[in-house]
Structures are given as C-alpha cells and as structure tokens.
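Visitor: The lines below spell out each chain.
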Amino acid sequence: MDLNFTEEQKAFRAELRSFLEERLPERLSEKVRLGQRLTKQDYEEWHAILNEKGWLAGNWPKEHGGAGWNAVERHIFEEETTAAHAPRIVPFGLAMLGPVLQKFGSKEQQDYWLPRILNGDDWWCQGYSEPGAGSDLASVKTTAVRDGDHYVVNGQKTWTTLGQYANMIFCLVRTSKEGKPQEGISFLLVDMNDPGITVRPIVLLDGEPEVNEVFFDNVRVPVENLVGEENKGWTYAKYLLTHERTNIAGVGFANAGLANLKRIARLEQSGGRPLIEDPLFAAKIAEVEISLMAMATTNLRVVSAAAAGQAPGAESSMLKVKGTVIRQEINALTKQAVGPWAMPFVSEALEAGSNEGPVGPSYAMSATPHYLNNRKLSIYGGSNEVQKTIIAKAILEL
Amino acid sequence: MNFQLTEERQMLQDGLRRYLGEAVTPQALEAAQTTGMSPEIWAGLSEMGVAGALFTEDQGGFGGAGFDLMVVFEELGRAGAVEPMLELLLAGRLVAELGDETQQEIVAQAVEGAVQLAFAHGEPASRFDLERVETRAERSGDGWTLTGRKSVVVNGAQADHIVVSARTSGDVADRDGISLFLLPKGTAGIEIRDYPLSQGGHAAEIVLDGVTLPAGALLGAEGQAFEAIETAQARATAAICADALGAMETARALTGDYLKTRKQFGQPIGKFQALQHRAADMLIEIEQARSAVINLCGHLEADRDTREIHVSATKHLVGKVARLVAEEAVQMHGGIGMTEEYDLARFARRLSMLDQRFGDATFHLGRFVRLRAA
Chain A
1 MDLNFTEEQK AFRAELRSFL EERLPERLSE KVRLGQRLTK QDYEEWHAIL
51 NEKGWLAGNW PKEHGGAGWN AVERHIFEEE TTAAHAPRIV PFGLAMLGPV
101 LQKFGSKEQQ DYWLPRILNG DDWWCQGYSE PGAGSDLASV KTTAVRDGDH
151 YVVNGQKTWT TLGQYANMIF CLVRTSKEGK PQEGISFLLV DMNDPGITVR
201 PIVLLDGEPE VNEVFFDNVR VPVENLVGEE NKGWTYAKYL LTHERTNIAG
251 VGFANAGLAN LKRIARLEQS GGRPLIEDPL FAAKIAEVEI SLMAMATTNL
301 RVVSAAAAGQ APGAESSMLK VKGTVIRQEI NALTKQAVGP WAMPFVSEAL
351 EAGSNEGPVG PSYAMSATPH YLNNRKLSIY GGSNEVQKTI IAKAILEL
Chain B
1 MNFQLTEERQ MLQDGLRRYL GEAVTPQALE AAQTTGMSPE IWAGLSEMGV
51 AGALFTEDQG GFGGAGFDLM VVFEELGRAG AVEPMLELLL AGRLVAELGD
101 ETQQEIVAQA VEGAVQLAFA HGEPASRFDL ERVETRAERS GDGWTLTGRK
151 SVVVNGAQAD HIVVSARTSG DVADRDGISL FLLPKGTAGI EIRDYPLSQG
201 GHAAEIVLDG VTLPAGALLG AEGQAFEAIE TAQARATAAI CADALGAMET
251 ARALTGDYLK TRKQFGQPIG KFQALQHRAA DMLIEIEQAR SAVINLCGHL
301 EADRDTREIH VSATKHLVGK VARLVAEEAV QMHGGIGMTE EYDLARFARR
351 LSMLDQRFGD ATFHLGRFVR LRAA
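Protein chains in written order, with the UniProt record's numbering: chain A, 1 to 398; chain B, 1 to 374.
The hints are simulated quantities; they were obtained by calculation from the structure and are not laboratory data.
Check before you lean on any hint, since a few could be wrong.
[Unchecked claim] Which residues of chain A face chain B? A partial, calculated answer using Cβ under 7 Å:
1) Pro201
2) Ile202
3) Leu205
4) Phe281
5) Ile285
6) Gly339
7) Phe345
8) Glu348
9) Asn374
10) Arg375
11) Lys376
[As the list claims (entries may be wrong)] Derived BS3-like pairs (lysine-lysine); straight-line CA-CA distance at most 25 Å:
12) A/Lys322 with A/Lys388
13) B/Lys185 with A/Lys393
14) A/Lys141 with B/Lys260
15) A/Lys177 with B/Lys263
16) B/Lys263 with A/Lys141
17) A/Lys180 with B/Lys271
Note that the coordinates shown come from a computational prediction; the quantities given were computed from them, not determined experimentally.
For each residue, glycine too, the CB sits at the ideal point set by N, CA and C.
When you get a sec, could you build the whole thing from the sequences and use the hints?
Guide: Here it is, written out as structure tokens:
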C-alpha cells in the first residue's frame, strides 16, 4: 500500500502544469472559471492545442495517434486540467467512438475516421437514447433497413448533447426484430448533413439548448458505415459505455467545484463574518469534502487496477453514483453560498464580453445554472437507479 | 382542535384554484417574462379580491390572518403564478401598520389591485441579516436624503410605491436606527436595473444616489422600524412557505402521473419498488411541510419569541423538503424532467429558489438553536 505517486508520475504532473501555464489561453480558462458559455470554436481551439502536443487522446494507443496513457496518467491529466479551468475535452469522438472503432472498426474505418477525430475534421454526437428508450436502452426502435448498398434509417434519437455542432452521429439502430431486443441492434455512423435528418434543440432547466432531438426520415447511409457486424451493436454499445464511465467519478470537477465553493464562502458575509466561519455552513462543506477525499481514493483504487490491466466492472457504477451525488451537493452548496444572488437570471451575462454584466459578484452568476444543469449528472449515462441495479446484480448477486 | 378551513376560506381556495388553473397558461407565462407578471392575471386576482385576504378589516381587507395567507399563497404556488402578491403583502402590511392616513390610501388602492408595491430592504452585503442596513437617510431641511444600494428588490422596477429601509442612526448592524420611507415610482435620483429571476418574476437593483424626499415620506417612527420589518418578514415567510407547499403538491402530482404512464422494461416505472418508496418519501415529507406551514400560520400573532421560533423552524424544514421534492421530482422523471418545455421545470426552479429568500435552511437551523437557547 503506497498512496504516493511515482517519480515519473510526479514529473508528468509537473510537465502538465507548465504546459497548461504556457498554452492554455486565459480567455478560455476565464470563461470556464466564471461558468460562461463556451462556443464550438472555443472547444476546437483547445482540442487543437492539445492535439499539437499529442495529448488530445490520452486514452488512445500511440499507434492510433493517442498519448497511450494508462489510467493513472489520465487521472493526473484530468486533475490538472480541471484545476487550471481548461475546457473539458468533448467526449463523443475521442472518448466514446474512438475506442469502439479501434476495437471493432475495420481497418478502412480506423484509417479514415480516427485522424479526422484528432484533427477536428468531424464533430461527433451520440445517437443512443430515444423517447421510449432511456434507462431501457435495448428497446431502441429507430430502424435501419438494408436496401442495396445502403441502410435506410427511420426514427428518432433524443438527448443528443451538442448535436447542434455535430456533422456526424453514431447511432444504435434496429436491424432485426428477432430474438431478444439486444440481439437486433447495429452500430451505424451517419452523416448529419444527409437529406432526411432534422435536428431540434431542447432547452434545459438552466435555459440552455444543450441537447437535441434528431429525427431520421428515410436517411440513406452507405453500408460501409456499419461498425463491426450487423446485429452485434449492443456489444459495442456496452463497450462504449464502459469508456463513457471511465472518468465518471468526476474527481477533477469535484475538486475544482469545492475550491470554488470555499472561495465564495470566504468572500460572502453572514452576520458580519465570512460565511465560511459559520459553523453550520462550514460543517456542510466539511462533510462533502470528507466524502470527496474518500471517493477520490476509491477512484484511484479503480484507476490503479485499470492501469494494471483490469477492466473496470461494476465498480464504475459505484463511482458514478457517489461521484455525481458529491458534485451535485457541491453545486447545491455553491447556490446556497451565494444567497440571494442566486436568484437573478441574466442570460446575457453568461456570454463573455457581453454589455450586460452580472447583477451580483461575478462568482455568483453561474451558481444556479450549474446547480440546475448538473441535475443531469444522476440521470445521464445510465441513471443512478440503473447503476444501483447493476451493483445489486453484478456485485451483490441479488 | 380543528384543521378544517372556514367556509369563507374554503370558498376562496376553491375559487382561486379554479381561476388560476385556467388563467396560468403558457401564453400568460410567456407574456409575464418581459415585465415579471401578467396584467390579465393581476386584474383577475384583483377582481376576485385576493389582495383583500391579505389585510385585516381595520386595514381595509377581509382577512389578514395566517391561514388567509396560507390559502392564497398555496394556490399561487400550486399554479406557479408569478404575480407579485408576496410583495404586496410585505410592503402593504408595513404601510398599513405604520402609515399615517395619507399613506394608508395606498393600502386601499393595493387591495383594489390598482397599485403595485415592493419592499426594498436587502443590500449587497446584507444576505439574510435583517438588521444589516448600510443605506443612510440624512435629514436635509424639512426632508430626507437617501444614499445607498438595495439588492434583489422583487418587483422593484414595476412597483408604483417602494418601501425603502435606511439607517437614520447607529452602526450598520444595529437593530435601532432603521427607518422606513415611502418612495413613489419615478422619484428623482433613483437608478433601477430590472432583471428576470430564476423562479419567474422580476427584481431590481436600486441605487439611491442622494435621493431627496419630503418629511412626509417617513413611514412610522424614525429609527424604530426593525420590529415591524421582522413582523412583516415573519408573515412573508409563512406566505412563501405556503407557496412552496403548493408548488410541491404540483411537482408530486406531475411525478405521480409520470410514474403511472412512463414505461421502461415493459412496465410503468411506478411499478418499481425503488421508485415507489421514493415517491412515498416525497409524500411523507410534503405532509411534514404542510404541518410546519400550519404551525407558523397559527403562531403569527403569538409573542415575538414564539413566533420567530416558528419562523425559523418552518423555513428550515420547508427549505429542506422543497429541495428534496424538486430534486426527486426531476430525478424520477429522468431526462424529460430536465427540459424547459415540460411543466415541472418552472416548479423545480421555483422550489430551488425558496432557500435564497428570507434565509436558507442552514441559516434558520442556526437561528432556531439561538432562539431556543435564549
């Protein structure tokens, strides 16, 4: 048992820090710190900076142009970039599709799509959920019917995050109604510019059109865009979900959120003293901090096992539940810390450089939008209820 | 012991529920976004005489008791109405209790729904500290000069009259030395920034840059306003908790319907025991909140310490339950509960903002401890 990072890992952290100091544009980190909106160009700019250094795809093997980091190194990257308020790496192409193509895609697909993901030629989005297939993902109804060299796709996807920016979507589609629902699903890559695709934004609780509905009306998709075998898509989908869950604990986000919460609690005054000196409020911060300290170690336990070659199993479900609840509590305490300043909702102030400034202190303006938006954490990527069922079945064997 | 509503209150509740159920439409809410309220609904509420229920007979109303407030605000919350009735209660009762004959005419107009009111008390640094007033009022000639800034003044830009607190003596956190003034709309020297609120409605930042007022603007005795402010906030706390109670009932009803109709894994999700128990917890907690609101409404006329113990007990408990209900309702809906176009959204936001006004659950827990120890 040794809780210390190795010398190599420490050196990596130091290298990361100086890189971030040098290359992370202050314009971007300021937006992230204040919780202002990031544009498509902002994400692309940051991706390009990382890609130039070879650090964009930490989870990809070197042969595909990735950094080839193990789970501990990826964890350090996550910690340092969130602490520096770097924009997050948009996960759809890099964290989700990339690993699926590397494992199940054809040589042609790998050679064509993987470099395009790294270079930012494509913006991918995820076509998994449907109105009738949320937690019960295997019940997807969007159909793909073979017609010569094409599949003809009809149906609807929903909760498509940042689909408004995307030119490509990877989809779970039904190619067979035989057998169990899981057995008739295929994994298809679809060009969003194809005729018959309509994207409709969905505005969330915080007022932001972050997700979309995507409608498919007789969309013709070339058969070479099928990944792996027909009707084996469920296997690939599950593989993708385990990757979706590798950073599911969100320790970096939680640490950054906690630091921000403490900063605010030192600046806000209650009863003529800093709020952080109010013993009841301080106790609430302490409770979540203690949870986070333990959860961070649970995360490292899983990360170390993964770095040693063990595939994460139901442990990632534990991290999902604990990690999201901790982040949501930090969001709730941050909203609480800013007091009445949580009430004003000036959407324009979330736009960097807007003439309309925040009503109260700048640290207060994103507290409510973040609190509301992050209610999604316990819903998406397999809701916390679904995770608990996985734990009950896979670990407890109930 | 009798927990039934009187016949009059029952009629008021039924009438309000029916009216608001029809009047609070998506179109009305849309229209309310630019000004913070729908003029049609405001007129409709006035026509029903709702404002009268907030005032005693002496004050020109027909109610004014805690349970009158409970009936009115529970229904406003249940429908998710954004009209500034709470501001009318807060400012109107201050004017009714402290005002001279001329000033009290405003109350009569308010009861008719002819004027809108606001209470400008909070400041950038006051948070939930009722006695922290840095805005100063200095005597100048026969009148007064006010200088300072008031923050998150709900309905501030729309109000025809604003009750403003200012310090005429003492240190920034003294209870003594706080005075109230009545400012008509458009008073020179006031700078107002109007903005929307997360829960619906509007508020304003009000900068008072040497605002001169005549002697007649002083409301009540100089430097003696704290007690009235605390009493007014006690009533407003009862009202906002009743409002939250109504909003929770709606959130629960929406969630119950959804659990019965949404199917996953071949059955309504309400058949899953994991969700059944959580829906049951929600109900249990909402009933706790209802009892807490009843406790406070029944003690609004009690001696100060008893009343304030109930203020803190109720605001603490309802604050906690409101968070639970908002978060659980969204969670049990799943993705659809996150969306603006589904009706739950405005109720979840309304409930999540309860803690930001008149003190949050933690603030009132600490206050309860201190009051009990005293």
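Visitor: Run every hint past the structure and note whether it holds.
Guide: Checked hints:
Using the Cβ-Cβ criterion of 7 Å, the hint placing A/Pro201 at the interface with chain B is not satisfied: the shortest such distance is roughly 10 Å. Satisfaction of the interface hint for A/Ile202 is found here, the shortest Cβ-Cβ separation to chain B being roughly 5 Å, below the 7 Å cut-off. At about 5 Å, the closest approach between the beta carbon of A/Leu205 and any beta carbon in chain B falls short of 7 Å, and the interface hint on this residue holds. Using the Cβ-Cβ criterion of 7 Å, the hint placing A/Phe281 at the interface with chain B is satisfied: the shortest such distance is roughly 5 Å.
Evaluation of the A/Ile285 hint against chain B yields a violated restraint, the C-beta minimum of about 11 Å exceeding 7 Å. The interface hint given for A/Gly339 holds, since its Cβ lies 5 Å from the closest Cβ of chain B, which is under the 7 Å cut-off. Interface restraint check for A/Phe345: the shortest CB-CB distance to chain B comes to about 4 Å, inside 7 Å, so the restraint holds. For A/Glu348, the interface hint is violated, the least distance from its beta-carbon to any beta-carbon of chain B being 10 Å, above 7 Å.
Interface hint at A/Asn374: violated, since its Cβ lies 10 Å from the closest Cβ of chain B, which is beyond the 7 Å cut-off. Nearest Cβ of chain B to the Cβ of A/Arg375: about 5 Å, under the 7 Å cut. The hint holds. The beta carbon of A/Lys376 comes within 5 Å of a beta carbon in chain B, closer than 7 Å, and the hint placing it at the interface holds. Under the criterion of a C-alpha separation no larger than 25 Å, the hint pairing A/Lys322 with A/Lys388 is consistent with the structure, at around 11 Å.
Restraint check for B/Lys185 and A/Lys393: not satisfied, since their Cα atoms lie roughly 65 Å apart, outside the 25 Å limit. Restraint check for A/Lys141 and B/Lys260: the C-alpha separation of about 22 Å stays at or below 25 Å, so the hint holds. For the suggested pair A/Lys177 and B/Lys263, the alpha carbons sit about 19 Å apart, so the restraint of at most 25 Å is met. For the given pair, B/Lys263 sits about 14 Å from A/Lys141 by alpha-carbon distance, which is consistent with the 25 Å threshold.
Among the hinted pairs, A/Lys180 with B/Lys271 is consistent with the structure: their alpha-carbon atoms are about 22 Å apart, no more than 25 Å.
Hints 1, 5, 8, 9 and 13, counting from the list given before, are not met by this structure.
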